[in-house]
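Engineer: Residues per chain, in single letters:
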Amino acid sequence: MNIGAFQNKHKFQDEVWGEIKLNSLERDIIDTPEFQRLFRTSQLGFVELVYPAANHTRGAHSIGACHAAKELINRALENTRNLRKALSNDMPKRSLAADFDISEAEAVLISAGALLHDISHVPLSHDLERKTHLIPGEKSVKVRSWYGHYDKHDDYDTNPLLYILIFDVSRSVLARVLRHYSRDFWKQLKADAKLHHELEPDPNANPDANPITDPHHHIRDFVELASKAVTDWDPEADLLPQLLFHLLFFEKSADAEELLDKHIMQSFAAGSTAMAWHLGPRVLAKNDIAAWHNAWYQPYRHDIIGNTLSADLLDYLRRDAQHLGSKRQLDLHLLNYYVVVNAAPNRTLTTSRKYRCAIDLQDHKRGTPRTFLLNDIFRLLDLRQEIHEKAVVHRVVQSANAMLARGLLLLGDKRRPPLEKIVGMGKHQYFPLQCEDILFAQLLQATAVENDRVAYRSEHLPEAASLFKKLVERRVYRPLMIIPGDWAADKLPLPRRNAVGVDEVEFSLRSLAAIVDSAFFSPFLLFVCWCVEKYLQGSFNTDAELCEYAQMFANGTAPEALMTEAKGAVPSRVIIWTTPFKQLYKDPALVVALETCVAPIDEIAKTPGMVHDTSSRVRLETAIRDADSKYSSLWRLYVFISDGLYYSGVLDKLLRKLPPECHVANRDSHETRIENAKALLSIAFESIGRTWSTIAEKEVRIAATLQTEMTGANLTGLIHRWLGAYKDGIGRIDNLSTVDTSHYCHGYAHDRDLPEEKKIPCRDICYKFDNHAKEVWKRAEDDQLSERHKLVRFLKQCRLTDPEILSEMEFELLFHLFTSNGNPDICCDLAAGSDNDPSVIPKALEALWWPARSIVQAEPTPISTWPETVPEIEIWLDEEIKVLRPNLSRRIRQEWGPLISFIESTARVQGAPVYLDLRIRLRNDSTLLWNDVREGRVLMALKRKWAGHQPSTVEHQIEED
Amino acid sequence: MASTHRTHLASISREAWRLIDKLLLPAANLPPPVDLEPIARLLGIRNIRFKPLLSDAGLALADGGYDIIVNTEAARALPDGTVLAAGNGAWSSLAEGLRFRIAHELGHIAFLKAAGGDRNDDLFTTDEQEVEKACNCLARNLLLPRLGLIRELGDHLLNLEHVQTVINGFQVAAEVFILRFKLADVRSYFAGENAILAYVHAPDGTPRLRTCQIWGGIARERFDIAYRRTPGLESGLKIPKKLSPEYSEQHWVLEGHPVNDLKLGIDLEALMRDNRSGKEDVTVEWTGGSVLPCRCQWCSVTGTRRQLLFIHVSDSGPRKEETAG
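Going down the list, the sequences are from chains A and B. Per the working numbering, the first sequence starts with residue 19, numbered consecutively. Per the working numbering, the second sequence starts with residue 2, numbered consecutively.
Just chain A, with the same shape it has in the complex (with noise of 0.2 Å):
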């Protein structure tokens, strides 16, 4: 019987549940400043640029995850006590069914849980959070992803939000509402601990209704163990915090059985480091950290709140359907079977039993299995699989998470605001009123060091403000390419491995997710974002010049200016962006009790001999067909780029203002420009697949490999392999992307000698509805000491005269192009000289948007260092041949001791070109499919070259077995 508090008497409407009643320690839950923060948090992020009633809060999910919390224990109770009934005479399987109830106190912890279980989440969903990929395996591994800079909500191990929220009292009402409940609770424990004989019996209890006499045996030894007096342990205070923070926490994580005590963040203080926390009292022994962790530990608890059919499910399903406005409906039917069962029905001793929840797919009265219940499963499946496919991966919501997250990588690790401040428990900050809106306010203010001219330049910041505002006013980027994940696994060469029970396009995808995210191939992929960015903004007249520029930099021979920025380059106009993949009947997965067995839906339908009723098998296993196949098509890599860029541009449209006389010839045009950078980023991704697939073969610790960042000889090795495949015309996968780039490639809407046909509008709407430069022109023009007038005598010197050729904002753009890049001295220079010489006029202008180049051009080519000594030449060379397949670099390092004598006697003699021969060489080299060589051979090659040398035999060397 529930005691006072725990009485579920306070009414709450709701959009979804209808009337819902709520118990007093809910409700001042509900009530304290932390939870409010939640109704202003969306559920879903970004899906409201697209659906705009789905701006449903994290508050009112987690009263309606509660809500179904409740009715998940109940329909549990009912169905365990007649499964219970139903197996009582049936021996074998009786172990199946839970032999206990959930008692009271359990389900005020697991309602409450499920009420809380959003408590710590970030503004923007999961858009600002750092995602994890999982590539499955006989070892499954974890890979972080690189972008998103903020630790997940529930990685508490780095994120100490829940952990202050739960148990802090000096900073958070909740702790206190919750050390006030434990009292109660306690209590409430106590009591249903008792045995059933000692209570009063229940005189509406039907006597057929529960065949066991004690049904909360399961939470007695955890009851004595808590009654315990130790000096630093008080049940009346501290067992309902601890409670929630191991189930929202220890319960959660896949190994929690064998999970004992875990270091946790406990304080945002800087300096601050995890700290071990156990359940129970502060200090234990290993032993009793042990036993407090078995007495009290059972996966059911945690299956009603999140991972599997749970509250959270039933809930955000319900609830994101509606707000979508889907008219599709979850059918509850499906919670007739809900059920508390032996997780191992075949492990005898009950010590170590461990019960989960499941629907039960046997009807155990007649033996068969009930097949209706796995329409009904998959139904749920597919109403997910619908939600994502409508919202989460939408292209819009995509390429605002892809904008957010260029975004914070552009402010750097020094203005980004701390996880402190996003969540909002900084100094001053008002934590209750910590919503998207107050994120993105500091986001800009973050950017908003104009007075630091210095900082302003160098660290991205215009670019990063630019995104920021542009999200803000929903000016989204456009898709340049989509490529769905069943088009990527067929096309791209990706790792392909057949590890037990994993599909083969499902692990390909979740590899190609992990790279692409990684920061092992970030900065190659931000190189190719960079190179393109440059390219479509018209910088390089063709795509040759691109890939003689870039072959320039993966050489070393680039002017150091350019160099430098291409390393640290981060475009903020082309992004590639991925999502983790996901197998929405795996994660979270889906248990289901089926004949003896219980376990994952997949699991049952995969491993051979566990269901033995054939029709049953067959249509699982077709069912979870289907599944794989929308689920691979549901994943997508996404390129997007701003509309700026699908533009015919700026530098193109002054380039063909220009009197005949400065034409540049021989510049690709803009739909060409389209199409080649399509083509540039499917070799590049085409590149890392293939490299990647080289590693992966001999990489053991690919977790760690794709958390590092790529650099030196594999970097440049692999830019190697990307332009050579591009100039060779292979490597080009046609068909790759969904995208009909023709519908967003657009030229210029104020340009009045452009035919009315040709006039096609940008969808941005600033852009589309943009005034003409000619008022702000003129008062440049009259203004004579702003820096504006500067800018038009600059343009005038260019011999570009007519105000009416750019818009407002063109004009504006050019403005801060001149001033911001602090180069107006650079253009007008380069301008001077258009009296004598008109064909410097290009240049002046292209220098506007990429000065560095400009001023580097006249450089001469710098010397580069060559290692000189034995040690050093070991170490440059054990970076070079990184780029190569395994067999080539083996037979070198059989060659090591002789090749590095050889190197340093020749380059003392010769000089570089031993060193760019070489290099010239292993590049070559990586870009075969495989390579061809024997003992002896790369030393020979060498000596034939830098030697002279002749083999005494062709035969020798061609037929050597």
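Since the hints were made in silico from the structure, they are not lab data. Misleading hints may appear alongside valid ones.
As the list claims (entries may be wrong) - Under the rule of at most 16 Å between Cα atoms (straight-line distance), these lysine to aspartate or glutamate pairs were calculated in the EDC-like manner: (1) Lys861(A) to Glu679(A); (2) Lys648(A) to Glu522(A); (3) Lys134(B) to Glu953(A); (4) Lys963(A) to Glu162(B); (5) Lys961(A) to Glu922(A); (6) Lys280(B) to Glu162(B).
The hints should help you fit chain B onto chain A, whose structure is shown.
Structural biologist: What follows is chain B alone, placed relative to chain A:
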């Protein structure tokens, strides 16, 4: 695990062999040499490119097919940047060494196709060396196809001059020719002979045996098995791995030894050093006090320090040694 790989390798090797045979069939009746270009086209090769590499050669993806990339420092390679497209007759002028190199790469493609086009097949990473060897076998079959070889050799296998003509006609190196007989399909055809054909190489001035083919039980007993019993030579004996039914023994026990180790009763080293070609009738020791009359013949092949050595066992076989008087 290893045996699974081996079986996998053997089955793919067999499949690749079948593919090459199929591609050879249309030109089976044409005179030598084998035209590699149409075969290469059918296998998806677009060009041969010459680039500076560290390895000898390799394959690159190209325009929906493949390019063969050859190291500019490889023997007889053409200058950096040279591109020889397949299908316009440009390959006809390739030196024999390069022909083998190209045929070897074609072998790789055949292997790849046999493996279902999966470049990531375990085969290509865990069994690299075995695949290389199998590709050499395929290359030998490509350059010296069974039907053509048997037709051209006729019953003149034991005629050294004719063998020289055949080798030149097929545009292969002598060593390739000898190793071709290690493959069961042609070896069995000449099973009735009793002879050895060896390739001799004198990198340090001493003519040394490199590769050899032995036909017939008596020749085998005398020039192969007998040496396996000889103390001091056993350490050099290598047990070859069996890759496929087409491929058998790989190393000859006398490989690397000076020619005098054949114990022919004459100073063959001096003879071969002094005369590029020659002929000697010899009587070599045989078991149980018997002797084996043989004809020893050698001639030079292209280059200065390489020769072919032929030892033909007399049709009469071993006989009791005649004592003087």
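Engineer: All hints are to be evaluated individually against the structure, with a verdict given for each.
Structural biologist: For each hint, the structure was consulted:
1. Lys861(A) to Glu679(A): Measuring from Cα to Cα gives roughly 14 Å; hence the hint holds.
2. Lys648(A) to Glu522(A): Roughly 15 Å between the alpha carbons, so the hint for lysine 648(A) and glutamate 522(A) holds.
3. Lys134(B) to Glu953(A): Measuring from Cα to Cα gives roughly 14 Å; hence the hint holds.
4. Lys963(A) to Glu162(B): Not satisfied, since the Cα-Cα distance of roughly 37 Å exceeds 16 Å.
5. Lys961(A) to Glu922(A): 13 Å, holds
6. Lys280(B) to Glu162(B): This hinted pair holds, its Cα atoms lying about 12 Å apart.
This entry does not satisfy hint 4, going by the numbered hints stated previously; all others are met.
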